[in-house]
Each structure stands twice: as C-alpha cells, then as structure tokens.
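Novice: Could you put together the complete structure from these sequences and hints?
Chains A and B supply the protein sequences, listed in that same order. In this text, residue positions in the first sequence follow our numbering: the first is 1, and each later residue adds one. In this text, residue positions in the second sequence follow our numbering: the first is 1, and each later residue adds one.
No wet-lab data here; the hints were simulated from the structure. Worth double-checking, as some hints may not be accurate.
[Claimed, not checked] Here are the simulated lysine-lysine pairs, DSS-like style, with alpha carbons at most 30 Å apart:
hint, chain 1, residue 1, chain 2, residue 2
1, B, Lys112, A, Lys36
2, B, Lys6, B, Lys136
3, A, Lys36, B, Lys75
4, B, Lys136, B, Lys75
5, B, Lys136, B, Lys2
6, B, Lys112, B, Lys136
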Amino acid sequence: MIWDSTLLNALARLLIFPGLLFAVPAAWYFLWVERKAVALMQGRVGPPFMQPFFDFIKLLGKTTPPRSGLGGLLMRAWPLIAVSAAAGAVGLLPVLPSSGGFEGDLILLLALLELPSMCIIAAGFSSRSIFGEIGSAREAVLSVAYNVVFLLAIVSVAASQHTFRLEALAQLPASPLRWLGVLAILVCLPAKLHLNPFSLPNAEQEIYSGPMVEYAGPELAMWELSHGLEWVAATGLVATLAAPHITIWWLAAIVFVGLMFAIVIALSTLASATARLAIDTTVRFYWQCTLIFAVLAISSALFMRFRS
Amino acid sequence: MKLWNKLMCYSRRRSPWLFHMNSGSCNGCDIELVASLTPRYDAEQLGVRLEGSPRHADILCITGPVTHNAVNAIKTVYDQVCGPKAVVAIGSCPATTNVFIDSRTLDGPLNKHIPVDVFVPGCPPRPDAIIQGVAKAAEILAARGMNPPVTQLSIANVSEAAAKVEVQP
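Specialist: Structure below.
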C-alpha cells in the first residue's frame, strides 16, 4: 500500500502539481506576463490575456514544410525532447513539502534545465540554414558564458547546506551564503531564458529568429511551449531556494507561485529596459564581472564546510 | 471536432503573425508598418507580432512596386510561408505600381505573381489603415482555414473568394 501511495504521489506531482497540469497553463501565463510587462513599460496596452494560448492553438493548425531523411526526423524530434525535458524539470520542483515519491536531486534538475538549450543548438545546426547556424553558435557561446557562473552558484548553495537534494534544500533554513548563490543564479536567468540584454541567439532583427528560423506550425508551437516551461522551471528553482519553509501546503504553494510571479515581473522589466548586448560584451560580463561573485560564494562555502 | 474547428478559427483570427517584405519600396510604407506596432497604434492588442522568419508567419505584408529583382524573392518567400496564409499589399505601389507605372525596371503589380487578399491603398497608408487591413486578412485567414486551401486557385478566383468572406465586427 505504501508503494502504491508513493507511486500515486509521484504521478500526481509529475502530471498535476507542479507537473504538466499546472505547468502548461503557468507557461502560457508567464509568456503573457512577459509580453504584457514589456508592453506596459513601453506605454502600450499589450496582448490580451489568452494570447499565448491562441498562438499555440493557431500554430498547431498550420502546415509544416516537408522534411525528409534523418535530418528531417531530428528536426522534428528536437522540440519534443526540449518540451519533455522542461516539463520534467518542472515536475521535479519540491513545492509541496514532504510529498515523497518522485524525488530528484539538484543535479538531475540542472541536467533537465540544460537540455532545452542543447536542443536549440542542435536544432539550429540540423536546420541547415545559415541564420540557424549563426544562432546556434551564439547560443553555444552564451551557454558556455553563463553556465560557469550558474553551476558554481548551484554548487555553492549545495556545499553550504551539505546536500544536493532539492527536498532537503527547500526545508533547511537559508544561510547567508545561500542568498549569495541565489543572487548569482538570478544574474544568470536572463541569459538562460534569452531575455533582452542577452537575447542574441534569437535576435530577430539581425539573424531572423536564429535557431528557430526553419521551424513552422506544430514544431514552433512546441518550441514556444518549451520556452514557457523553461520560464516556469527556472523561476521555480529560484523560488524553491528563496521561499521560507512552510508546512501548510496551500500556503506553501501560494508563496511559491507568488515568488515566481515576482521574478517574472523583475526579469521582464529588465528585458524591456535594456538593449541587446554583443556576444563579446556578454561573455566578458559573465566571465569578468559575475565569475568573481560565484568564486567568492563557492570558496567561502567550501571553507565553511572544512571548518565545521 | 466542430468545437476544435471553431477554436482554431477564433485563434487564427486572434493571432496574426506578420512577415514584412520590401519589393523595391521607397521605405515610406515600411516605416508606417513599423509605426503600427508602436505605442500610439499598438497592433499587439490584436495579437499581431512581426516575425523574423517567413516560416513563422500567417500574413505576408508586401510593400513596393515589385521590381524585376524582387519577383523571384517574392515567389520564394510566398512559398516559404506555411498554410493557411494570406497576403496584404501595403500602399498604392503593389496595387497599381503607382507613379512608377510603365517603368522598365518594374514587373508589377503584385497580383500578377501571387494572389493578394487585401489591398491597403495610400502613399503611404496610415497605420490605422494598415491595422484594419491586417485585421481583415486575419478574418479571411480564419474563414479559409475551414475550407480547403486555395493556393492552387487562379488569381480571379482568389479575389472572388476574398470578396465573399463576410467581415464580422
């Protein structure tokens, strides 16, 4: 019976909350909040509430260009892999305390979070379009730039709290070092979500749409959905690390969603207030300015660990 | 299935994504098209998005009197837009070749080469007119989605089909 309940619990987490049933509407909602926040910052009214949903349905009804051979098969597969990885990452978030069942650790979450951007790189190269390839190369460079800081920040959070398990991290009281780590993760989020100061992989004015240039119809719908799910997973990770531990489950869920919403608003505001940086400036920003921050966090975390 | 079709029609009407193409325009209409997305006119309220790739677009917006050089590009881009699709000719140039009529460098007007659904006259047209044209094209697109694709029809038939579409407020 225990096995049954844990399996049910795990399924409920993967499929209902914070899994697919919550994540897909949340993804559309965050995409809308992003566009609306940018519109409000520019003094416009912006898109209606259901806009990302309409876009998704419309894209499902469009035709796709014929794709043949292994390249075509791969091109169809990349968006599906990206969506499933992002949905899995959302399902891993420990929102409801002590729910047991499907437990993953931080490393699995990081791998799942990284998979969509790997898929974007592969998709751009397999589309054989010159714009797609430039976009993919930029995405790869961007990924190398921010991931050093991102991973160091995660490792410093884990080292300062002596655990890699998300469940345990969510329940432990936050140390000052964790806040440093959370701040470093926050600095990496605009690059991870391709938001404006670091939106160079999908720069629509210079290289059309970068890696997505050859995608159409349902495949593009999957890319939009995976971008939305990435929003949910990445903001959810920060919310998990920053939220206070609350035992009442509905209050925990509300605090979690509220924190995610605040992060989305902050990132969208940043996106509309800034212009796109060139690739060398971006790399310099992450490797020179932010890296010091992350190295400081991880060295003090390790130092504290050896002392205790 | 009926409900799904209704939802699809509604979504097509509410989410027209544009691809903008210049076929030798003087840049007047291009500026007005971009102006229709600015805070003053804000076409995004209708779900309009200016896309970078023709593969993503539903509505092809073409400006300019169609020079010889642009003909092949127009046909290629028209084929790259995935169906169902609509074409909006912005300005007087693609409709009539305007003041450049009888020029030896032109091969216009536009509907010699691809079927055009909506003409937005003006030199240049106001952003309000462009937005109205795009909204009409989105309605044509929604009605077309229910029927078989019309890409194979001759130009006269397409303009008849476009005229038959009842424009609902």
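Novice: Does the structure keep Lys112(B) and Lys136(B) at a Cα separation of 30 Å or less?
Specialist: With Cα atoms ~22 Å apart, Lys112(B) and Lys136(B) stay inside 30 Å; holds.
Novice: Would the pair Lys36(A) and Lys75(B) pass a check requiring their Cα atoms to be no farther apart than 30 Å?
Specialist: violated, 35 Å
Novice: Regarding the pair Lys136(B) and Lys2(B), is the alpha-carbon distance no greater than 30 Å?
Specialist: Measuring from Cα to Cα gives roughly 23 Å; hence the hint holds.
Novice: Within a Cα-Cα threshold of 30 Å, do Lys112(B) and Lys36(A) meet the stated pairing?
Specialist: violated, 40 Å
Novice: Between Lys6(B) and Lys136(B), does the CA-CA distance stay at or below 30 Å?
Specialist: holds, 18 Å
Novice: Quickly compare the C-alpha distance for Lys136(B) and Lys75(B) to 30 Å and report which way the hint goes.
Specialist: holds, 23 Å
Consistency note: the structure conflicts with the earlier hints numbered 1, 3.
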